[in-house]
Amino acid sequence: MTEDQSRRAALAAALAVVGAARAASAQPATAPAATQHEHDMSRFHLAPARGPEDIAFLIYPGCTALDFVGPHNMFRGLMGATVRLVAKTREPIVTDTGLTVIPDTDFASCPERLTVLCVPGGSEGTLGAMEDAETMAFLADRGAKAQWATAVCTGSLLLGAAGLLRGYRATSHWMTRDLLPIFGAIPVEQRVVIDRNRATGGGVTAGIDFGLTMVAALRDDAYAKAVQLVAEYDPEPPFDAGNPARAPAETREMITAMFAGFVRRARVVSSASAGALAR
1 MTEDQSRRAA
11 LAAALAVVGA
21 ARAASAQPAT
31 APAATQHEHD
41 MSRFHLAPAR
51 GPEDIAFLIY
61 PGCTALDFVG
71 PHNMFRGLMG
81 ATVRLVAKTR
91 EPIVTDTGLT
101 VIPDTDFASC
111 PERLTVLCVP
121 GGSEGTLGAM
131 EDAETMAFLA
141 DRGAKAQWAT
151 AVCTGSLLLG
161 AAGLLRGYRA
171 TSHWMTRDLL
181 PIFGAIPVEQ
191 RVVIDRNRAT
201 GGGVTAGIDF
211 GLTMVAALRD
221 DAYAKAVQLV
231 AEYDPEPPFD
241 AGNPARAPAE
251 TREMITAMFA
261 GFVRRARVVS
271 SASAGALAR
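Numbering (the numbering used here), first residue to last: 1 to 279.
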């Protein structure tokens, strides 16, 4: 038995105890027609999929790895779902931390109608994606057709630039949440915001909460709780500095100053993108 097979078997056994299961097969390099599973899950009384589930993460150079790795882990707990990493090409993508990721689907081969399209954020990479016509055309097209158009962190700025947030409540990283009205969105100071078929998460680690929220929306709460338990997602941070309202003033001021230039550039690029939408 390979290491991957051993891991899948262990995860499936754990979920049998709590009433749900991890996905039992690895994603191939090419887009699969459907994920096959080697375990009979009928006795676990899991909430079934309401139809084919095709979930795609739009990744691009300079995106933040944890913005999509966290929710990707949650979505991979959906038995029967196809989960993709989509990029302009299948060439390796270097994220903003230097982690390199290989997409399994390119724009040309991505299905027209997705169950969920999720866009991670970043900093300069996000602004670069916003100025890339091909990326924005893909996002506008697939996002408008998806059952759910979603984002984590500053990925919500990309949703807005694609014309997908006008009139919707949404959130973003705390440093850029105030930019959402540029795109006609209604900013909400909340870790996860769902408004009709739009779902957005706050900064970086909020992607895990977003992912679990989406698992519950696609299946049910019991299924999401089982996925949470398998991930042992039980955060107890050593410091209470993850929210600007509670972080020490000196920490908040340091980070605000550090990213002031990026926020200014983000406002300029966002305004230009919103102007292009209006034309």
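Careful: at least some of the hints might be erroneous.
As the list claims (entries may be wrong) - Label-pair distances were calculated between CB atoms; the ranges are:
id, residue 1, residue 2, range
1, Ala278, Asn243, 32 to 40 Å
2, His45, Glu131, 44 to 52 Å
3, Thr97, Thr251, 18 to 26 Å
4, Met258, Pro181, 22 to 30 Å
5, Pro235, Ser109, 32 to 40 Å
6, Gly80, Asp132, 31 to 39 Å
7, Ala222, Thr89, 38 to 46 Å
8, Val268, His45, 51 to 59 Å
9, Gly242, Glu91, 46 to 54 Å
10, Ala222, Ala249, 21 to 29 Å
Note that these hints are calculated values from the structure, not bench results.
Even for Gly, the Cβ is constructed at its ideal location relative to N, Cα and C.
Beta-carbon spacing of Pro235 to Ser109 - inside the hinted bounds 32 to 40 Å or not: holds, 37 Å
Outcome of range test on Cβ distance (Gly80, Asp132; 31 to 39 Å): holds, 33 Å
Hint check for Thr89 and Ala222 - Cβ pair distance inside 38 to 46 Å: Between Ala222 and Thr89, where Cβ atoms are some 39 Å apart, the hint holds.
Range hint 32 to 40 Å (beta carbons of Ala278 and Asn243) holds or violated: holds, 34 Å
Gly242 versus Glu91 beta-carbon gap, inside 46 to 54 Å or not: Violated: the Cβ-Cβ distance is about 34 Å, outside 46 to 54 Å.
Ala222 versus Ala249 beta-carbon gap, inside 21 to 29 Å or not: violated, 42 Å
Cβ distance range 44 to 52 Å for His45 and Glu131, holds or violated: Once the Cβ atoms are compared, 49 Å apart, the range 44 to 52 Å for Glu131 and His45 holds.
Pairwise beta carbon distance, Val268 to His45, judged against the given window 51 to 59 Å: Cβ of Val268 to Cβ of His45: about 53 Å, so the range 51 to 59 Å holds.
Cβ distance range 18 to 26 Å for Thr97 and Thr251, holds or violated: holds, 21 Å
Beta-carbon spacing of Met258 to Pro181 - inside the hinted bounds 22 to 30 Å or not: Between Met258 and Pro181, where Cβ atoms are some 24 Å apart, the hint holds.
Of the numbered hints listed earlier, those contradicted by the structure are 9, 10.
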